[in-house]
Amino acid sequence: MTASIPARVSFWSGVAALGLVVLNQTTATSTDPSLERAAVLASFLAVALMLVGVLWTRAIPETAARVDLKGAQGLVLAEGLPDDLAEELGWGSQMLLTASAAAVVLVSWQGRCLLRRGLLAEGTFVPGAICQRAQDKGGVISLVDLRLYPGREEFSSLLPGLPAVVVQPLGRDGLVVLGGWSPRCFSRSDLTWLEGWSQRIRGKLEALSVPLSGVGSGPAAGSSGFEPDSRDC
14 MTASIPARVS FWSGVAALGL VVLNQTTATS TDPSLERAAV LASFLAVALM LVGVLWTRAI
74 PETAARVDLK GAQGLVLAEG LPDDLAEELG WGSQMLLTAS AAAVVLVSWQ GRCLLRRGLL
134 AEGTFVPGAI CQRAQDKGGV ISLVDLRLYP GREEFSSLLP GLPAVVVQPL GRDGLVVLGG
194 WSPRCFSRSD LTWLEGWSQR IRGKLEALSV PLSGVGSGPA AGSSGFEPDS RDC
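Those letters in the sequence shown? Residues 14 to 246, per our numbering, in order.
Be aware that a few hints might be false.
Okay, the calculated beta carbon distance ranges per label pair [as the list claims (entries may be wrong)]: (1) T42 x L161: 21 to 27 Å; (2) G124 x K150: 47 to 53 Å; (3) A41 x R79: 49 to 55 Å; (4) G152 x A61: 37 to 43 Å; (5) R201 x E92: 32 to 38 Å; (6) L48 x R165: 57 to 63 Å; (7) R79 x T137: 22 to 28 Å; (8) Q123 x D96: 18 to 24 Å; (9) R197 x P19: 35 to 41 Å; (10) L36 x P173: 25 to 31 Å; (11) R197 x L48: 43 to 49 Å; (12) L161 x A41: 50 to 56 Å; (13) L68 x R185: 28 to 34 Å; (14) D81 x V35: 43 to 49 Å.
The set of hints was computed from the structure by calculation and includes no laboratory data. Glycine residues also receive a C-beta, built at the ideal position from the N, C-alpha and C atoms.
Full structure from sequences and hints, please.
The following block contains the structure:
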């Protein structure tokens, strides 16, 4: 439950109280010091109620409404993944979709699509300048309201009309991309959880030590032979 109803009650109670003070002063047949003091105190209390309502709304803002995103629920998982990696990707993506405001989750590694889950759109997602910047700086980029950012067309192929996107790099070799249901929908705890999960994925992928330059390239010497048979994202 949001704080909108209590905040509005507080604000409009203050407005009503201030109006009553003004009405009382204008209709009084005579003014004396005690009436003036009471009017000043009542005005302060009315203004305080109004400020409480305003600050309450800012401290606990209303949750933005979900955008009506178009897509079919589904799961695309690369073939040939080791069982433990496939299980990790499946479990983590399911948790993000159910415990956060994510509508779609994508995991890419060395240009290959390992996982795409949630609302799926037709087309191939090609990382652009924003994803590259996240990898270059080695930190998450959170686009809380995609309408405000230039270059937002980069994510139109992930899911048209996405209102919010988070790009979490997996070092310089991979990405985890989340698309949200509404603007400003991802909390700080969501980003912290995503970072921790991404570190687990990155550790598993780097331990495999196999280049994923494309289907047909042989496994590196002494490697586990991991090379997913998947199309690009």
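Here is how each hint holds up against the structure:
Range check, T42 to L161: about 57 Å between beta-carbon atoms, so the 21 to 27 Å window is missed. Between G124 and K150 the beta carbons are some 20 Å apart, a value that contradicts the proposed interval 47 to 53 Å. Distance hint check for A41 and R79: the Cβ-Cβ separation is about 52 Å, which falls inside the suggested range of 49 to 55 Å. A hinted range of 37 to 43 Å for the beta carbons of G152 and A61 is consistent with their spacing of about 42 Å.
Remark: the range hint 32 to 38 Å for R201 to E92 is upheld by a beta-carbon distance near 36 Å. Taken as a hint, the range 57 to 63 Å holds for the pair L48 and R165, whose Cβ atoms sit roughly 60 Å apart. Under the hint 22 to 28 Å, the C-beta atoms of R79 and T137, about 26 Å apart, fit the expected range. Between Q123 and D96, the C-beta spacing of about 20 Å keeps the proposed range 18 to 24 Å intact.
Take R197 and P19: their Cβ atoms lie about 21 Å apart, and the range 35 to 41 Å is violated. A beta carbon spacing of about 54 Å between L36 and P173 contradicts the range 25 to 31 Å that was offered as a hint. Distance hint check: the CB atoms of R197 and L48 are about 48 Å apart, consistent with the given range 43 to 49 Å. Roughly 52 Å separates the CB atoms of L161 and A41, a value that falls within the hinted 50 to 56 Å.
The beta-carbon spacing between L68 and R185, approximately 43 Å, falls outside the hinted interval of 28 to 34 Å. Under the hint 43 to 49 Å, the C-beta atoms of D81 and V35, about 45 Å apart, fit the expected range.
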